[in-house]
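Visitor: Residue-level listing of the chains:
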Amino acid sequence: MIRVVLPAHLRTLARVGNEELQVQLAGPPTLGGVLDAIEASYPVLRGTIRDYGTEKRRPFVRFFACEQDLSHEAPNTPLPDAVINGKEPFLVVGATAGG
Amino acid sequence: MSGVRVLVGTRKGAFVLTADGKRDRWDVSGPFFGGWELYHLKGSPADPNRIYASQSSGWFGQMIQRSTDGGKTWEPVGNNFVYDGVPGTHQWYDGTPHPWEFKRVWHLEPSLTDPDTVYAGVEDAALFRTTDGGQTWSEMPGLRGHGSGPNWAPGAGGLCLHTILLDPSDPQRMFIAISAAGAFRSDNGGITWKPINRGLHSQYIPNPTAEVGHCVHRLAMHRSRPSTLFMQKHWDVLRTDDAGDQWTEVSGNLPTDFGFVIDVHAHEPETIYVVPIKSDSEHYPMDGALRVYRSRSGGNEWEALTKGLPQQNCYVNVLRDAMSIDSLDKCGVYFGTTGGQVYASADGGDSWNAIVQNLPPVVSVEVQTLS
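Protein chains in written order, with my numbering: chain P, 6 to 104; chain F, 13 to 383.
In case anyone wonders, no lab produced these hints; they're calculated from the structure. The beta carbon of each residue, even a glycine, is placed where N, CA and C say it ideally should be. A few of these clues could be false.
Only pairs whose alpha carbons sit at most 30 Å apart, straight line, appear in this in silico DSS-like list of lysine-lysine [claimed, not checked]:
(1) 34/F <-> 84/F
(2) 319/F <-> 84/F
(3) 319/F <-> 342/F
(4) 34/F <-> 61/P
(5) 61/P <-> 24/F
(6) 290/F <-> 319/F
Some residues of chain P that are not near chain F, with every Cβ distance over 12 Å (derived) [unchecked claim]:
(7) 6
(8) 14
(9) 23
(10) 30
(11) 90
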């Protein structure tokens, strides 16, 4: 199981309160795999993290894990070991923007 | 007992205001979807407890919410808006071709007869429809396929389809308006469209009388006279009496004819309302005084309505979807401001009260008359 932390607005949409998610990956533990698993478990989040058609990350959403910025990595990028073994969460972050 | 329900969309959530037929005591619920932009909410004429809401965010994109209990509870429905076929390009601000990209839903127009059918006007400008209560959305491609699409260019607010009017006497006829392309009409249920901009004169475009390119801000119709439409253009207030084949300016004695909203009295098809705004470079009322103008003659002769409205130090705007009319007797008129007030008149505009203040900037106001 992969631990996932969502930003507040997406937790509200997914109706998970303040809790971390735990998702089961269907395939290899990659960046694309964890996003697929989030959307499969919570279909309401489709289109909110990445574009429906292109599956590109939305511009003001970022992916962090183990103090690394994975936002610009390819979908087949492996997740860090600490995320795979559940020691660290995968973070979906709403970018700081606005004023 | 009759009553009204006012659906308010703001930059930071939605609010539902309710009152009985006297309209003097209001209950405010919300915010719903706090922190999100609610460009528009509208109820189904066929089932007033069915309400649709456009919820969007620069971070997380577009959501559509649906209520089946008059706005007490909501559930997200489909949010996948994909242009039909190869989207092609429209014109960008610098005149270069720019790919069509979905950004948000500006306006939701439920069918007059079927609660599951809703039309959605989106940015970049296109018309979508659902027939399953919002679960799935399909583009009605005849509009962008009209042929002028590659020449459409965005106004300052984006290339948005913001107005959808359904003809209650002819299910095949509908009208839409796009900023800054103009007004269009379909006579075959949205399969094909024609521009209806003859008579418009816009000095801010290269050809002031071009077939398309006009920055239409809003259209309004009285259901008893669906071939008569009223238009608030970027500058100018106009009317047509032949379903848009020819427009005539009726700005008359307005102190300024720039503005966004326009609407029609529920029981008097020649009584119309606008909120004049000083200019396109100063989006606030003239002289710091918020005034609704009413014409009882379908335009040209206008009177200022000021009772109960701030007449000094008021520098708010009233955006294009932020005025609505109830159908009680006397007719109620409502509008919201970027300062977060929603004003209501229960006497056709003669006097006004702020029924709620200090909301986030108001984007849209729709009223439902409940029996």
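Visitor: Going through the numbered hints above, which ones does this structure break? Give me the numbers in ascending order.
Guide: 2, 4, 8
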